[in-house]
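Chemist: Sequence:
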Amino acid sequence: MVSYSVKELSEIAGVSVRTLHLYDEIGLLKPSTRTEARYRLYGENELLRLQQILFYKELGISLEEIRSILDDPEFDLLQALESHKVALSQ
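Residues in the sequence shown are numbered consecutively from 4, following my numbering.
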């Protein structure tokens, strides 16, 4: 299993370490595990989730909404994007 430190993940994704810490604090992106020294480690699933977070952020969706989107297995992505598009055009 591939694992990334906070610094490695921040460099791969182009976000700051502080951003990753914030996402952890608000429950948006939790590390897959922690070392014995309590350092955060992220896996491939977390990298994919981070890419989704960054995509939604680029669309102007709030972090709270993003968390709801990613945590809801019944979420309809197409419907949400259409609604967001309508809201942006007004």
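Calculated from the structure, these hints are not laboratory results. Computed from a predicted model, the values in this text were never measured in an experiment. One or more hints might be untrue.
Claimed, not checked - Okay, derived cross-link-like pairs now, DSS-like style, lysine-lysine, Cα gap no bigger than 25 Å in a straight line: (1) K60 - K33; (2) K10 - K33; (3) K60 - K88; (4) K10 - K88.
Chemist: A separate judgement is required for each hint: does it hold in the structure or not?
Modeler: Right, here's what the structure says about each hint:
1. Restraint check for K60 and K33: the C-alpha separation of about 17 Å stays at or below 25 Å, so the hint holds.
2. A C-alpha spacing of about 15 Å is found between K10 and K33, which places the hinted pair at or below 25 Å, so the restraint holds.
3. Between the alpha carbons of K60 and K88 the distance comes to roughly 14 Å, so the proposed pair stays at or under 25 Å and holds.
4. Taking the CA atoms of K10 and K88, the gap is near 34 Å; set against the 25 Å cutoff, the hint is violated.
Going through the hint list in order, the structure does not satisfy hint 4, though it satisfies all others.
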